[in-house]
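Chemist: With the hints as extra help, turn the sequences into a complete structure.
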Amino acid sequence: MTDTPSAAHFKPLGEGDPPVVGGYRLAAVLGAGGMGKVYLSYTPGGRPVALKVIRPEFSEDPEFRRRFHQEVQSAQRVQGLYTAPVIDFDTEATQPWLATSYVPGPSLAEAVARHGALPLRTVLLLTAGVAEALHVIHGAGIIHRDLKPANVLLASDGPRVIDFGIARAADATSLTGTGVSVGTPAFMAPEQASAGPVSPATDVFALGQIAAFAALGSPAYGNGSSPAVLYRIVHEDPDLTGVPAELLPLVSRCLHRDPAARPGLTEIIELCHAISPVALRQGEDWLPRAVAGSITERLRMPGPVPPPSVTPTPTEVSPPHAPPRPWDPAPGAHHGDAAAPTQTGQRRFDTPPPPRYPVQTGPGNPGTLPPPGYPTPPGHRIQPTAGPAPYVPPRPRGARRGLIVGASIVGAVVVLGVVGSLLTDRSGGDESKSPGSSASRGTGGDASGGKPGLTDPEPVSYKGIDIPENYSVMLADSPPRPTDGITDSADLFFEPKTLNVVESDQIRTRNGTMVLLNNARKGSLQTCRSETRYTEEIRLDQLSDGSQICLLSDAGHIAVATYRGTSGAADPSRYVTVDFTIWRNAEEPKADR
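In the numbering used here, the protein residues as written are 166 to 758.
If you're looking for bench data, these hints aren't it; they were derived computationally from the structure. Predicted, not measured: the structure shown is a model, and the values here were computed from it. Possibly wrong hints are sitting among the right ones.
Stated by the list, open to error - FRET-style restraints, in silico, Cβ to Cβ:
{"no.": "1", "residue 1": "648", "residue 2": "181", "range": "48 to 58 Å"}
{"no.": "2", "residue 1": "643", "residue 2": "391", "range": "34 to 44 Å"}
{"no.": "3", "residue 1": "734", "residue 2": "643", "range": "45 to 55 Å"}
{"no.": "4", "residue 1": "404", "residue 2": "700", "range": "44 to 54 Å"}
{"no.": "5", "residue 1": "453", "residue 2": "685", "range": "53 to 63 Å"}
{"no.": "6", "residue 1": "683", "residue 2": "642", "range": "43 to 53 Å"}
{"no.": "7", "residue 1": "391", "residue 2": "642", "range": "37 to 47 Å"}
{"no.": "8", "residue 1": "418", "residue 2": "211", "range": "41 to 51 Å"}
{"no.": "9", "residue 1": "642", "residue 2": "707", "range": "19 to 29 Å"}
{"no.": "10", "residue 1": "683", "residue 2": "446", "range": "50 to 60 Å"}
{"no.": "11", "residue 1": "450", "residue 2": "646", "range": "38 to 48 Å"}
{"no.": "12", "residue 1": "402", "residue 2": "446", "range": "32 to 42 Å"}
{"no.": "13", "residue 1": "454", "residue 2": "622", "range": "47 to 57 Å"}
{"no.": "14", "residue 1": "198", "residue 2": "389", "range": "15 to 25 Å"}
Claimed, not checked - Simulated crosslink set (EDC-like; lysine to aspartate or glutamate; CA at most 20 Å straight-line):
{"no.": "15", "residue 1": "755", "residue 2": "621"}
{"no.": "16", "residue 1": "687", "residue 2": "634"}
{"no.": "17", "residue 1": "687", "residue 2": "710"}
{"no.": "18", "residue 1": "687", "residue 2": "275"}
{"no.": "19", "residue 1": "176", "residue 2": "322"}
{"no.": "20", "residue 1": "755", "residue 2": "653"}
Don't be surprised by glycine CBs; every beta carbon is placed ideally from N, CA and C.
Modeler: Following this line, the structure appears as structure tokens:
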């Protein structure tokens with residue numbers, strides 16, 4: 166590792182770049198784009214990370230922040246070998262940011278620009294790997310929406326898909342209509358270009374584009390102005406001249422204008438194996454020698470900018486925070502489009518739960534130690550695992566400075582706590598808390614011997630839940646998987662129009678109440694608690710994509726159900742698609758249930 170950034174891959178920090186973001190000391194600039202700026206940093210254990218800071222224009226949009234938080238939480242559930250999982254994030258900072266593992270490899274876009282079209286075996290391994298990544302991403306309820314060569318990294322042990330879910334958060338902001346493009350026109354699907362509904366098949370179209378791009382060395386729909394390219398995508402066939410004959414049927418099916426006619430991801434992987442003249446096995450020889458050399462170039466990474474040697478004053482010290490939960494980072498991530506922050510804000514959300522797999526060190530994930538002088542952020546600790554020791558991401562910045570003074574404060578608090586407990590014992594027990602005390606927090610109960618109050622639970626989000634007709638979901642299930650039949654415990658079900666019984670398609674509940682929110686109100690736990698316009702059924706003709714419904718279960722769970730549409734006419738089954746944000750045990754259960 167060198168302290169001199171490579172001009173080709175690492176740019177030194179500029180005057181507008183902060184030295185630290187969220188406790189991560191920055192080493193270099195990796196890139197910038199429509200969504201923000203990406204920096205190189207390191208974990209305390211020495212693993213390089215790519216830290217993306219969102220542009221101020223997006224940061225100032227409350228709806229973007231809400232969506233960004235939801236999408237990052239969803240992305241935490243993605244744990245595939247060919248994906249770039251999220252390691253750490255702060256969606257409440259002045260400029261939100263997220264960190265992923267750094268992958269020392271070029272993007273597909275860069276590799277093709279430098280070396281031209283790739284050989285058939287590489288294209289097949291690339292296509293199968295990206296298809297496997299999409300399978301995991303879709304399984305977490307996420308549609309990528311912006312799959313393109315710049316979002317596929319070529320590591321020594323296979324491709325990595327990055328930036329899944331970010332485009333959907335950007336979709337929520339008004340900036341998408343004022344000069345900020347979400348999605349890359351040359352790699353959009355026809356339904357995206359015509360502002361239609363997106364689905365997993367949208368990503369399949371993009372996968373076909375990626376396979377064609379890798380095989381041809383250029384986009385299948387050509388270059389030019391965005392309107393011209395989008396017109397060709399919607400109305401014309403792609404130019405696949407030069408695609409190997411073995412690959413042509415697969416690419417053509419992926420690029421079908423009708424989403425229903427595109428192959429599924431499992432079939433795509435099977436076709437890649439069938440096409441290959443030899444068994445497809447991912448190994449370090451999957452890339453041409455020239456492209457593999459680009460990986461070696463990226464192994465010489467710059468060290469972080471050393472901090473100034475100053476002694477913190479008592480005024481710089483913040484009160485101590487509770488230690489964060491353990492967190493295991495995952496292999497492989499980049500650095501796509503991600504403006505320089507002016508400052509970062511206080512973390513408000515708990516660290517997400519750890520993934521269920523150990524960290525592995527490999528060619529695509531060098532486990533090098535940081536350069537000398539790199540300070541370990543307070544709050545990191547090593548946890549024993551089957552592989553190399555993972556780490557806990559930095560605790561909130563308030564606990565990162567003035568450790569000695571902070572320790573003194575903690576000591577004083579402990580002493581005062583002991584004295585206070587002795588005084589309490591002498592006075593005959595615990596007294597009722599004042600309204601401003603912690604005992605008064607929650608949603609119910611009292612602090613004077615009654616049933617303790619409920620604290621607000623953390624929300625859990627589930628994307629793209631398809632509920633077939635006469636199937637039901639229960640909010641207590643994780644995930645809320647539809648079950649056949651409708652019982653009295655059904656929190657939500659889809660009931661189609663039936664002659665002389667149900668006049669129109671509708672969604673209903675038998676285990677609580679619902680409220681259809683108007684466009685001026687955004688779904689939240691507080692909103693759902695305050696709304697009283699209860700109903701037990703809502704007609705589908707009252708809903709549009711993005712309509713939000715408060716669902717209050719008699720079991721004590723509260724959810725915001727966001728309607729995403731119904732199945733298409735060509736689909737053999739009928740269903741509605743709903744996103745859920747669930748607060749479990751947010752209220753006391755109804756006594757009669």
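Chemist: With reference to the structure, classify each hint as holding or not holding.
Modeler: Outcome of the hint check:
1. 648 to 181: 48 to 58 Å: Because 54 Å falls inside the window, the suggested range holds.
2. 643 to 391: 34 to 44 Å: 41 Å, holds
3. 734 to 643: 45 to 55 Å: 33 Å, violated
4. 404 to 700: 44 to 54 Å: 53 Å, holds
5. 453 to 685: 53 to 63 Å: Hint holds: Cβ distance 56 Å, inside 53 to 63 Å.
6. 683 to 642: 43 to 53 Å: Violated - the Cβ-Cβ distance for residue 683 and residue 642, about 29 Å, lies outside 43 to 53 Å.
7. 391 to 642: 37 to 47 Å: At roughly 43 Å between Cβ atoms, residue 642 and residue 391 fall inside 37 to 47 Å, so the hint holds.
8. 418 to 211: 41 to 51 Å: 45 Å, holds
9. 642 to 707: 19 to 29 Å: Since residue 642 and residue 707 have Cβ atoms about 26 Å apart, the given range 19 to 29 Å holds.
10. 683 to 446: 50 to 60 Å: 56 Å, holds
11. 450 to 646: 38 to 48 Å: Distance hint for residue 450, residue 646 holds at roughly 41 Å.
12. 402 to 446: 32 to 42 Å: About 34 Å separates the Cβ atoms of residue 402 and residue 446, which means 32 to 42 Å holds.
13. 454 to 622: 47 to 57 Å: 54 Å, holds
14. 198 to 389: 15 to 25 Å: 20 Å, holds
15. 755 to 621: Satisfied, since the Cα-Cα distance of roughly 18 Å is no more than 20 Å.
16. 687 to 634: Violated - the C-alpha atoms of residue 634 and residue 687 are around 27 Å apart, more than 20 Å.
17. 687 to 710: The given pair, whose Cα atoms are some 14 Å apart, holds under the 20 Å limit.
18. 687 to 275: 41 Å, violated
19. 176 to 322: 26 Å, violated
20. 755 to 653: 14 Å, holds
Violated hints for the displayed structure, listed by number in ascending order: 3, 6, 16, 18, 19.
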